[in-house]
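Chains as they are written, first to last, in our numbering: chain X, 23 to 203; chain W, 535 to 658.
Hint data in this document are derived by calculation from the structure and do not stem from the laboratory. For every residue, glycine included, the Cβ atom is placed at its ideal position computed from N, Cα and C. Careful, some of the hints might be misleading.
Footprint (simulated), chain W over chain X, 3 or more residues, beta carbon under 8 angstroms [as the list claims (entries may be wrong)]:
#: 1; region: 67-76
#: 2; region: 112-122
For each label pair, taking beta carbons as the anchor points, the in silico distance ranges come out as [claimed, not checked]:
#: 3; chain 1: W; residue 1: Glu-583; chain 2: X; residue 2: Val-176; range: 26 to 32 angstroms
#: 4; chain 1: W; residue 1: Lys-624; chain 2: X; residue 2: Phe-102; range: 55 to 61 angstroms
#: 5; chain 1: W; residue 1: Trp-627; chain 2: X; residue 2: Pro-57; range: 56 to 62 angstroms
Residues of chain W placed beyond 10 angstroms of chain X at every Cβ, according to the derived structure [stated by the list, open to error]:
#: 6; residue: Ile-541
#: 7; residue: Arg-542
#: 8; residue: Asp-545
#: 9; residue: Ala-553
#: 10; residue: Ala-555
#: 11; residue: Trp-564
#: 12; residue: Phe-581
#: 13; residue: Ile-584
#: 14; residue: Lys-587
#: 15; residue: Ala-588
#: 16; residue: Ala-604
#: 17; residue: Glu-606
#: 18; residue: Gly-608
#: 19; residue: Val-613
#: 20; residue: Gln-625
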Amino acid sequence: MTRSVIELTVTAEDRRVAWLATAAVGLSLVDAAIPSPLPGVKPGLANIVTLVVLVRYGWGTAVWVSALRVLAGSLLLGFFLAPGFFLSLTGTTLSLLTLGLARYLPARWFGPVSLSILAAFAHIGGQLLLARAWLIPHDGVFLLTPVFAAAALVFGTINGLIAAKLLAEPAPTEAVGLVRR
Amino acid sequence: MHWLTLIRPGDWLVMLLSAVAVGVSIPVFWQGGLADRAIIRQEGKVFAEIDLKARKHFEVAGPLGTTLIAVEPGRARVVSDPSPRQYCVKQGWLMRPGEIAICAPNRVSVQIAGRTKVYDSISY
């Protein structure tokens, strides 16, 4: 067998992103399995991973993990390049931009719960705007805003609490990663 | 108790503001906004248009007698009417834009209006 000319050096950072993205994709699948009363009202469990990554490894890693999650999640669930994919992408992009700004809030006062709620609102806001602009070009879409906003508040708070709980424990991931390699 | 320690002071503020935003979004996005005016009609013509801010009473004369209308902040109703079946009185308080109480025999009606016009039905 011919040896490959191209050498891809995989850094520890790459492995970390891959592991975290895998966790996020797993949670996306769990998310999709939970029955929802209304399309768009979902717990968004994968955002727990995004929050933990943001606080532990910074915004750049969070963007990588989220992007891979949206891509791999949509491929696994079969909606890659379908409207749902673009809704997901827009929501994720807006919530990442919001997190990019919100991480400068003083950490003493604003914890993961704040970040999570703000990200959830940005997420649903982005999705509603895209839906209005592209999928359902009628203001009737906004009739669902109160339901979505309430869901964003509830699930944002719960996800934020779970992320805060995970962040309160010391980081174990590095050691586990080394063993598994 | 354990979970509460994970919430920082600012988080409570964010949660509170978000809850307020959700609360405000309900009247904004549903039912064409808040009720802000009542329109009283007599014989099909506008008798009075009132801001739903203060407490007021109106006496509107019709062919059968006097219809008494009460206006309170955010709502309005027909208090008494000489019509035989009392439908408009039984409707009670009207508080959402588009709601209307019609005292047909006495030819008086009260309608609530908001910022945007609400239709009973639309057909295409």
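Evaluation of the provided hints:
no., hint, result
1, 67-76, "violated (count 0)"
2, 112-122, "violated (count 0)"
3, Glu-583(W) with Val-176(X): 26 to 32 angstroms, "violated, 41 angstroms"
4, Lys-624(W) with Phe-102(X): 55 to 61 angstroms, "holds, 58 angstroms"
5, Trp-627(W) with Pro-57(X): 56 to 62 angstroms, "violated, 38 angstroms"
6, Ile-541, "violated, 5 angstroms"
7, Arg-542, "violated, 4 angstroms"
8, Asp-545, "violated, 4 angstroms"
9, Ala-553, "violated, 6 angstroms"
10, Ala-555, "violated, 6 angstroms"
11, Trp-564, "violated, 7 angstroms"
12, Phe-581, "holds, 33 angstroms"
13, Ile-584, "holds, 28 angstroms"
14, Lys-587, "holds, 25 angstroms"
15, Ala-588, "holds, 29 angstroms"
16, Ala-604, "holds, 30 angstroms"
17, Glu-606, "holds, 25 angstroms"
18, Gly-608, "holds, 19 angstroms"
19, Val-613, "holds, 33 angstroms"
20, Gln-625, "holds, 25 angstroms"
Violated hints, listed in ascending order, are 1, 2, 3, 5, 6, 7, 8, 9, 10 and 11; each of the other numbered hints is respected by the structure.
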